[in-house]
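Asker: Residue numbering for the sequence shown is 2 to 484, as defined by our numbering.
These are computed hints drawn from the structure, not numbers from a lab. Worth double-checking, as some hints may not be accurate.
Pairs of lysine-lysine, PhoX-like flavour, derived with a Cα cap of 20 Å [unchecked claim]:
{"no.": "1", "residue 1": "391", "residue 2": "453"}
{"no.": "2", "residue 1": "301", "residue 2": "323"}
{"no.": "3", "residue 1": "44", "residue 2": "13"}
{"no.": "4", "residue 1": "301", "residue 2": "149"}
{"no.": "5", "residue 1": "157", "residue 2": "323"}
{"no.": "6", "residue 1": "460", "residue 2": "391"}
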Amino acid sequence: MSEPLLIDLSKKGRKAYCFPPLDLPRGFEQALPSLPQNLVRQKDARLPEVAELDVVRHFTRLSNLVHGVDNGMYPLGSCTMKYNPKLSEHIAGMHEFTQIHPLQDVSTSQGCLSVMYNLLEDLSSITGMSWGTLQPCAGAHGEYTGLKMIRSYLVKKGQSQRTKVLIPISAHGTNPASAAVNGFDVVPIASDGEGMVDLEDLASKLDESTAALMLTNPNTLGLFEKNILKISEMVHASGALLYYDGANLNAIMGMATPGEMGFDVIHLNLHKTFSTPHGGGGPGSGPVMCSDALRPFLPKPDIELTDSGYVYRWDEEDSIGKVSLFWGNFLVLLRAYVYILRMGSEGIRAAARHAVLNANYVAARLEPAFPIPYGKRCMHEFVLSCAHLKEQYGVSAQDVAKALIDEGYHPPTMYFPSLVSEALMIEPTESESLETLDAFVDTLLAIAERAKTDPESLKTAPHTTVVGRLDEVRAVKQPDLRY
Numbered sequence: 002m003s004e005p006l007l008i009d010l011s012k013k014g015r016k017a018y019c020f021p022p023l024d025l026p027r028g029f030e031q032a033l034p035s036l037p038q039n040l041v042r043q044k045d046a047r048l049p050e051v052a053e054l055d056v057v058r059h060f061t062r063l064s065n066l067v068h069g070v071d072n073g074m075y076p077l078g079s080c081t082m083k084y085n086p087k088l089s090e091h092i093a094g095m096h097e098f099t100q101i102h103p104l105q106d107v108s109t110s111q112g113c114l115s116v117m118y119n120l121l122e123d124l125s126s127i128t129g130m131s132w133g134t135l136q137p138c139a140g141a142h143g144e145y146t147g148l149k150m151i152r153s154y155l156v157k158k159g160q161s162q163r164t165k166v167l168i169p170i171s172a173h174g175t176n177p178a179s180a181a182v183n184g185f186d187v188v189p190i191a192s193d194g195e196g197m198v199d200l201e202d203l204a205s206k207l208d209e210s211t212a213a214l215m216l217t218n219p220n221t222l223g224l225f226e227k228n229i230l231k232i233s234e235m236v237h238a239s240g241a242l243l244y245y246d247g248a249n250l251n252a253i254m255g256m257a258t259p260g261e262m263g264f265d266v267i268h269l270n271l272h273k274t275f276s277t278p279h280g281g282g283g284p285g286s287g288p289v290m291c292s293d294a295l296r297p298f299l300p301k302p303d304i305e306l307t308d309s310g311y312v313y314r315w316d317e318e319d320s321i322g323k324v325s326l327f328w329g330n331f332l333v334l335l336r337a338y339v340y341i342l343r344m345g346s347e348g349i350r351a352a353a354r355h356a357v358l359n360a361n362y363v364a365a366r367l368e369p370a371f372p373i374p375y376g377k378r379c380m381h382e383f384v385l386s387c388a389h390l391k392e393q394y395g396v397s398a399q400d401v402a403k404a405l406i407d408e409g410y411h412p413p414t415m416y417f418p419s420l421v422s423e424a425l426m427i428e429p430t431e432s433e434s435l436e437t438l439d440a441f442v443d444t445l446l447a448i449a450e451r452a453k454t455d456p457e458s459l460k461t462a463p464h465t466t467v468v469g470r471l472d473e474v475r476a477v478k479q480p481d482l483r484y
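Build the full structure now, drawing on both the sequences and the hints.
Answerer: If you want it as structure tokens, here you go:
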């Protein structure tokens with residue numbers, strides 16, 4: 002049964018909430034500047050008028066329709082949908098953190114500055130980088146920031162002719178978008194027969210116009226770039242820089258660092274690797290970490306520990322400036338810091354090991370029914386193919402993914418990377434137990450059998466949701482929006 006919008010439940014005169022008495026000083030209205038008349042509302046806002054019980058039931062029903070990591074496995078490849086500890090939520094809800102204003106005097110917010118400073122120290126250690134910034138509010142925002150730092154660095158060195166950013170064809174879509182937004186020309190790099198960066202193609206495109214190579218390691222096929230040190234040597238020999246997309250850091254954290262591999266600047270996804278919540282369009286967090294050479298170009302202000310406490314430093318002349326209104330999504334940063342403290346260095350390493358173990362276990366069990374074109378062993382995720390089901394029974398990767406919804410699982414990432422035909426990218430994360438992994442694998446194997454015996458039931462899945470198979474392309478191109 003579908004759930005109506007709150008505006009459709011509205012009945013004039015119904016009330017749901019009584020506001021508390023105003024606690025601002027008397028006469029504060031007179032102290033505020035008058036709004037220009039053209040900005041003053043001329044009629045009441047069209048807001049839903051509903052009873053409190055209606056509101057409670059509405060959102061409870063909606064919550065029952067939602068699939069999240071708290072009510073089921075979420076094997077969405079390259080998204081690291083791991084469990085979000087409730088300890089982090091508890092601490093992030095403490096009034097000592099929620100009642101702080103970003104513009105209040107730093108002498109009164111030393112605890113929050115301590116969290117940010119210590120988090121930067123921890124992230125520097127985990128990534129092998131010199132220092133960083135916490136301002137970017139998402140992974141793509143971090144990409145934009147890191148590439149802007151690279152551009153400023155090259156201009157400072159008198160190398161503004163370096164306008165090309167090389168990006169593997171298996172890269173995340175945000176990589177070319179971020180490069181283009183920064184004014185770079187995007188040049189694709191081919192993959193070799195093993196799913197790695199094609200070194201010959203890379204060598205042919207590295208020249209004095211190259212600004213950087215953007216790389217994810219492990220890559221989106223779930224494979225570790227075994228030639229990473231050679232790649233780093235080639236890129237730096239050409240005078241370019243090496244950018245690390247931290248989307249897949251969960252596979253190597255505590256085991257290896259991007260700094261050891263030769264990367265110059267990286268962005269992280271705290272909402273992936275460090276177990277802060279996903280969803281709802283935010284808030285996320287995409288800190289950027291860098292080498293000594295790029296440190297002067299970090300966004301300002303920096304946080305510094307002095308004899309008198311933590312302070313903001315605004316005096317770096319080469320900084321690219323602010324990239325966020327304030328200091329980043331602080332409560333997300335706090336959750337990540339709690340996660341790191343709770344896990345410790347051994348826990349961080351164990352998380353990476355278990356993420357890799359879980360992915361390899363699932364891949365090994367699925368491989369007889371779903372070919373995995375690249376790699377006999379994977380890191381934290383793998384990409385299987387449904388091409389044989391499509392060819393023999395007309396059942397596509399999308400059909401398999403939709404059928405998983407009926408079985409209580411969120412679908413894997415579909416049709417990415419494009420190197421694999423009818424691709425499903427699966428990332429179990431370290432959070433899932435052996436029993437959960439077995440149940441998931443058994444479900445996929447049963448779906449593969451249904452493709453042979455009852456393909457039509459898969460082509461019309463899902464059957465248990467409020468809405469069935471949607472025209473997703475039309476929904477994007479011709480949205481019917483209601484407010």
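Asker: Where does the structure disagree with the numbered hints, that is, which hint numbers, in rising order?
Answerer: As far as the earlier hints go, not one is violated by this structure.
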